Each structure stands twice: as structure tokens, then as C-alpha cells.
Amino acid sequence: MLEKREADVIIIGGGIMGCATAYRLAKRGVDVLVLEKKEIGNGGSCRNAGGVRQSARDPKELPLAMYAVQNIWPQLSEELGVDVEYHQGGNLRLGLTDKDIKVLENHTAKSTKLGLEVEMISGDEARKLCPYMSEEVVAASWCPSDGHANPLKATLGFYRKALQLGVTFVTGVKVMALEKVKGRIRKVITDDGVYEADQILLCAGYESRRIANTVGIDAPVERQFNEVLVTEAQPKMFDIMLGVAGGEFYGHQSEHGSFVLGGNSGLQAFTSNNDNFVTNSLTAPCISRGIIKYFPILENVKVVRTWSGWYDQCIDVLPVIDNIKEVPGLTVAFGFSGHGFGISPAVSIAVSELMLDGKSTTIDISQLTYDRFHAKG
Amino acid sequence: MIRVANPEPFVEREDDDMIICRCEEITKGEIRRAVYDGMRTTNEVKRYLRSGMGLCQGQTCQRLVQGIIASELKVRPSELGMIQGRAPVRPVEIRTFSKNVTDVKED
Amino acid sequence: MKRHELIVIGAGPAGLSAAIEAKKNGMDVIVFDENQRPGGQLFKQIHKFFGSKEHHAKTRGFIIGQQLLKEAEDLGVRVELDSTVMGIYENKEVTVKQNGEVHHYKGDAIIIATGAAENMIPFKGWNIPGVIGAGAAQTMMNIQGVQPGSKILMVGSGNVGLVVSFQLLQAGCEVAAIIDAAPRVGGYGVHAAKLARTGVPFYLSHTVVEAKGTDRVTGAVIAQVDEHFQPIPGTEKELDVDTICIAVGLTPMSQLASNATCDMELIPQKGGHVALLSEYGETSVEGIYCAGDVAGIEEASSAMIQGRSVASHVSMKAGYLTEDEFESKYQGYQEALGQLRQGMFAPKNKGRNDFTETDEGYPISKTLLAHGYMTEEELSKFPAASYQKAGIHPVIECTQNIPCNPCQDACHFGCIKVGENITRLPAIDEEKKCTGCGLCVASCSGQAIFLVDETYEEGFASVTFPYEFLPMPKIGDKGKALDRQGKPVCDAEIVGIKKTPIMDKTAVVTMKVPLEYVHAARFYRAEV
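Those protein sequences? They're chains A, B and C, same order as listed.
Following our numbering, the numbering of the first sequence begins with 1 at its first residue and continues without gaps.
Following our numbering, the numbering of the second sequence begins with 1001 at its first residue and continues without gaps.
Following our numbering, the numbering of the third sequence begins with 2001 at its first residue and continues without gaps.
The set of hints was computed from the structure by calculation and includes no laboratory data.
Since we're looking at a predicted model, the values are computed, not measured.
Beta carbons: idealized from backbone N, C-alpha and C, even for Gly.
A hint or two may mislead.
[Stated by the list, open to error] Beta-carbon label-pair distances, calculated as ranges:
no. : chain 1 : residue 1 : chain 2 : residue 2 : range
1   : B       : Lys1074   : C       : Gly2319   : 51 to 61 Å
2   : B       : Leu1055   : A       : Glu299    : 48 to 58 Å
3   : C       : Gly2361   : B       : Lys1074   : 34 to 44 Å
4   : A       : Arg5      : B       : Phe1010   : 22 to 32 Å
5   : A       : Pro220    : B       : Asn1006   : 13 to 23 Å
With the rest of the complex left out, here is chain A (with noise of 0.2 Å):
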């Protein structure tokens, strides 16, 4: 029987980060392990709605998503072998009210100033660009080069990619605690025994921190309740990857012709929800009525499932992307805060340097580390 119980690296979480970091690894010659936890990309990697946006981001994560988007997402298929469904019809985030448009305004004008393509226009010319929606929409913030992908497909591709370039996964395996060893981070004690290597990476989402803490290290990351629903396919309508200001409605239609709307009821935050992923009864009927607000021609539409997931939400609604220095040979990339997927080609080089080179060279990602939370000094 096959086995693996060491590796120069151990990735934990085979979700996106895990799989694309492990993929860029393995590219330069570095012998990797992955362990998961249940099935690939069961986490937050599948469970998006495949948004690749870089309009409304924090400036402090924006050139993740500015490079991903300029240098890595339009080959991305082609570079996996598998067609990731990469759309850059652009991206309109819709204003209701006066609130959501200085919301828009004051995300434009900070893009605008780190370099980004995007400008406020109004609901009669947010409709030439998409002429389904209905006449709520007063106002938008217009980013082109944004667009959307579809996760599935991507974190699988990501995978397969791994794979071939000689990554080993290990699947069904819970790590419990991470261990030092002569002053570095060494040990991965899981329900399967230990696994050891010189550099672990820690991208498991909002199972992050409890890892993390077994060495020491916090950070303040919640996991947070999100729902999905889908339709059945519809001829095309449009490309253009959709918000509103408030973040309460966003979706597309995906490649193969189904509309992917996720949304919220409001009493997400509250769930007593377990981990066995139960949408909440009201929650599918809040989304149809934000669609019939926004595109009152999708009334007739089937929905076809809902689907809910966690995310690991940061407190400052930002990814810790870091190499730790208390304990050397650790590196984490967690805390996406629902926004990790369309940055997560660009992710993966930022810690495949981190780890390899010492620093990130190639992507700004000063602004993301994990001593932002802790005393300085």
C-alpha cells in the first residue's frame, strides 16, 4: 500500500489556496503533500459564486486581484488544461438608494487611485450594459476587466494540475495539532497518524484558527454562513458579473447557462446552523425576491438547488497572508473573508514565494500580515 508520511511541504486545506500554492510548488521542484479533511474543495472553493473581481476591494488586497486578473486569469485555462469558464464581461455593482451610491463612489475613487479601470455611471447606462435589469437600479460602479470563473472547475483544475506534476494528496485526514520540533514548525498530528515536513502551509479555511492555535499562533477569523441558489440553464443573456453596494445580492450567469445567485436573509450571522450545511428556509425566497427586484424577466426561471457554505471571515474583512514568524517554517493564507476565490491564482505565487524565496516579490502583500493584530515591538 502507498504511503506517504513526509514531504518538504505540507499544504493543509485542499481547497483553492491549497491546490493552486501546491500546483506552484510542485512547478518548481519542490515535493509537496496535501492533506484535506473531506473531498477536494468541499470548503469554501466550491461553495462561491465565482466572482473574479477587483472592483470593490480594499486597496489592500487589490493588487492580488489587479494581477490575477491581468496575469494569470486569461490563460488560466489553457495553463491547467481544463476549462476553468473564465468570463471577463465586467463587473456591475448596482446602487438602490443615495447610501449604496456614495458606498460605490468612495470604492471608485480608491481603485481608481491604486490604477483600476472603473467609473460610476447611471441605472439608464447600467442597463445598455446589461438591458435585463429593471429600473430600480439608479446607479453603478463599471469595472470592464472584472468578470467570473467557475470555482468548481478551477479548484478541480487546479487539482488535476497538482497531481500531474507529481503533488500527493491525502483526503479523509483531520489535522489536530501542528508541532515544533528543535524550534521549528515540524509535526502535523492528525487523525491518521503524524506527518512531517521542513515548511507547512495552513489554508483550511475557517478551521484555520484552531489549527493555528495548537502552536500559538490566533488570529481573529470567524466562520461565516453563506447561501447560493441556482437555476436551471437559460439561453445566454449576459456576461457581466453582478453585486449590489451592500454586498446582500451578487451572482452571473455561468457558462453553461445557469443563473448562480447568492444573497442573504440577515439572520446568517445567527445560524445555529451545524456543519452539516442546512440552508435556512428563508433565505432561498429572500434571494428570488432580490432577483425579481433586479431582473423581473428571471420570474419564471426554476431554481434547482440551494447550497450553503462557511467562510472565514477576517475582522477587518482582509486575508492573512504571512509567514509566521514565531514559528519558523510556518506560512498561513486564510481569513478570505468571502472574496478569496478570484484572488486565489495570485495567492498561490504570493506564499509559493513567501515560502521558497523568503518574501513575496512579485505581488504587494505587506498590507496582509499576520502581526497587524498583535502589539508592536
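Put chains B and C on the given structure of chain A with help from the hints.
What follows is chains B and C alone, placed relative to chain A:
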């Protein structure tokens, strides 16, 4: 479960063009290739190919897809996990969904 | 939100029975069904059921459905039709699509009784129109009154395939063949025999490899399979059919249980993914139960008992039954279920094909398993099938241990004995006199009882058999007597026809045949 790349080349079969998931028109060959590409569970194949994501949500094809995966991997279908049952278990129009009656009149 | 003590999902045999039991015990129960009429699959079942009196044996399925509905109505059970349960959420909340809206209900307990869906097998062209499920064929014939096709290939020789094939013949269709990849007929031998004697050929160890046609089926190619169920090249045979009917088993429709986060497992003997259940039918989520086919594929008779059994547990937990009351009800239901779950076709024996003799020690007919009929030589090993006596007397060609005993109750003179264990083969009491009334002939759900009189006339015998086809023969009609594989063996003349209400549309027809064919002649075909 340990997973490494399959060193052997993918071998096509005569009946690879047979449709297995009717809703999403996924063929036997696509499922076999997905397994070859590293998909090891019912859900991974579903996410990779959309088998079981159509109107019937896998009621018809899950058994068939699992049979193919199991035979490719030489395991029992019961080891492959299953497609999670998701609301609505029957397709429902957005219009209907939006009419959400929580207070039912007493009759 | 409206709250009920019990929400039952599905108004089929299991769900209705559960609701009846709960209501009888005093519970506040509501039943939802997505269809426009209740009864589930029962209303498609025009054949007589097996079992004993308490299982409604020898009653046709749709009549059992009517009785169940009446019982529910008389008790005032609330059944909401056209009401699709969309999901089960936390705290036993369900959403239901009704009148174009989503309604929310909550239950103290939920019984999932959503039944099963038909299995499909893939082959070249399996997705072109004309390839249909056996259940769909039943709906077309028995609910909508439409023939599913004119020439039909039945794929699958389990009870569903056999019963539906017979119904197709009754509906005036031609059944070109019944095939099965297994080397043995999967369903009851008596169901196979009543088809074989009409001339329907059986091809065991055969599979369908192609549906011919582009926009609809214009033919079917079948081929013999090897021991690994792979088609053997060169054995292909093309059949002239316009419809391919698939009857290769059922899969529990268990998505709601999975949606409700019940622990699930793929259990092949139960037909697919099912919720793991306690002995009382409760899932891993407290207060959520499964009953009927969704809990594991069986049949309507056991589904009805399971429904009642599960509902009695719910009633006890809700305080409507004491523990003692529950225990005694539960024991009764378990006994009734136990009777149905005995014999060679018991759920625990699913997939077994190593029976070589009956419980009584008689050798099981190999021809029956391979071709759907028995040879006279094989029948001679069974006393009731080879019984001979001067004057009219029954001949019972029932040769497998199946749970059924209406023949015993049918004979008012005690000629036929099954005994306590209803899977025993019926035996004939030679001391008792047969009057030739024919009630046993009509009562046998397997149509396996005949009356024979070797001394009917000088040189002639009479053979009395059950007949459920139109047009009904008339006295004086002349035609051919067919043997057990449907081959004409001699001339025959119709000399008697009995149709009484108690026979429930099974005519008891008597034909006169030359004496030497008395043991061969078992069916009749009019001269055309």
C-alpha cells in the same frame, strides 16, 4: 485516501460516447476521464463535470455514475460518498420561491 | 408558522397508512403529496396482491388504494395534494410549494414516505424517445388509458417487469420478449409462467445493447452476456419493437432525508442510498422517520405495515400511546411484516440465487428460472401440481416459497392447505371433495391454480384456467389449447365460463381438450 497521478495513459473505450447523465449530457467517457484526472468521489466528479447537477439532481444518474467510478477505481460504490440532497428537491420557479408565506391563515 | 404533531411526506401506501395510524391514536397529522391524487403507485396496480388476508391479498392494488383512501377520509386525515415538499430544515421545518407559493410548516415529527424512482440502464440509444420506465408504461396504460407502444421489449424479469408485461398484454400490446442479464428469472415464477403460457419468450443472460432509431425507437438489439454481464460478440439479435420498457429495479427517493442531514448509507440490498434507521424507523435526526420504499425497496404490502408501525412509535413518543400499547401494536406489525419477509424472495435473500429446493425439499424448476415455464417432468416432483384423481380437482402449479395464502381461504371445503407459515407451498387435502367452483382459480394472485377433470367426456378432459383478457371467449368457441410455453398443442372448445363479483374480473374459463393433452394444455387462444 492517498492520491497520486495515474502514470498509465488514458485508454478510450468503445462505449465512451454513451450519455450517462441525461440532464447535463455527460458521457461515460467524460466520467472515466474525470476519474483518470484524479476525481475520486461522487461529488468531485459532479463538481468537475456537472453530472447530477441538472433538473433531476442525480436521482437517475447517481447510481450509474457511481457504478462507473467504482469500476474505474475498483472500489465499492458505497465508498464514493453521495450527492447531498438539496432544497428544493423539485425545481421551483423563482416567482414561487419569492412568495414566501410564513403566516398561514387558520382554516 | 403552522405546527403539526406529525407531518407525513407522501400519500402513497406507507404515508397514508402512517397518517391513518397516527390519526387513530389521536394525533394531529397532515399529509403532503406532490401529485394531484393520493395513493402513490397503488392506483397503477391492477393486479391482485400477494400475502394473506391482513395484507389485502388477492385484492387488486388500486382497490387497496381506494380502501386506504376511504379509511383516511373517514378518520378525517388531512391530505394536501399538489403540495410539493421542497426541503426539510432545522427544527423539523418543511417548506411546501402550494398554489404557487412557498408555505412553511413545522412538525414535532416527520415521516418521510416519498417512495422510489425507477432505475435506468445505459445502452446505445437509451435516451431516445420510446425507451421508458416500466412505471411510466403503467401510468400510461392504467391511469391515462394509453398504450405505451405496440411492440414492446421488456428489460428486467423482476416482479415489476413481469407484472407490467402482463398488463401490457392486457392493454393489447405485444410483448416481443422479456430479457434479463441475470441467468434466472428474478420475479415470482408464477408471474413468469402466466406470461410464458401466452407465448411471450424469455431471454435470460441477455441484455439490450442498442435502441435503434434516431428520433424514436424502431428496434432493439439484444445480446447474450457472459458471467461478467458483458455482451458476447456474435450473439446479437434484432427485435422488431417500437418501445423498450426498463424494469431493472428501483432506487429510494431519499433526497429529503439527506437534505434533513440524516446519516445516509448506500445499501445495495435496500436499493440505494437510504437513511440509517433505528428498529422503529427513526433516522439519526430525532423525530424524523422513514417508511416504505424510501427506507429500502420492498413492496406496497410491507410499506403499509411499516407506515403503521413507524406511526405507532411517533404516537407513543407524543404521548398518545402508552409504552405497553405501543409494544403490543409494534409486535403485531412486526409479525405481519415478518410473514411477508419470508421465503426465497425475502429482502434478506435479495441477490441470492443459490436456492435449489423449496422449504418442503422439492427441486426448484430450472426451466422456470431459465424460460419462465415448467416442464411436466419438473412439475411431477410437486404433489399439488401433479395431483390426479377421478372427477374434477385442483392442480396447483405453485412451486416457490412466496408469502401468499388466499387459495387456502378461497376453498370453502378445505381442499387447499397452506398453514401458519404463508410461504409454504399449498397442499391438497385428498380427503376433501372439490366441487369445481373455481374460487381458488380466481383467488390465486399468481394465476397458478387450474381445475382438471380427466373424466370429463369419453376421450376428453376439461381444463379450467384463469383468464384476464379481452375479448372474453364464449361457450362453444373453438380454438387452440396452448401449453406452458404458449405453443398450440391441440384443439380446444370453450365449455364453461364463470365470472362472479367475488372473482373480481378474473374469469374462470373451462376448455375441453383431448384426454392425452390434459397435462399439457394450460391456456387458450381463439382461432383467427
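Each hint tested on the structure:
no.	hint	in the structure
1	B:Lys1074 x C:Gly2319: 51 to 61 Å	holds (52 Å)
2	B:Leu1055 x A:Glu299: 48 to 58 Å	violated (18 Å)
3	C:Gly2361 x B:Lys1074: 34 to 44 Å	holds (41 Å)
4	A:Arg5 x B:Phe1010: 22 to 32 Å	holds (30 Å)
5	A:Pro220 x B:Asn1006: 13 to 23 Å	violated (43 Å)
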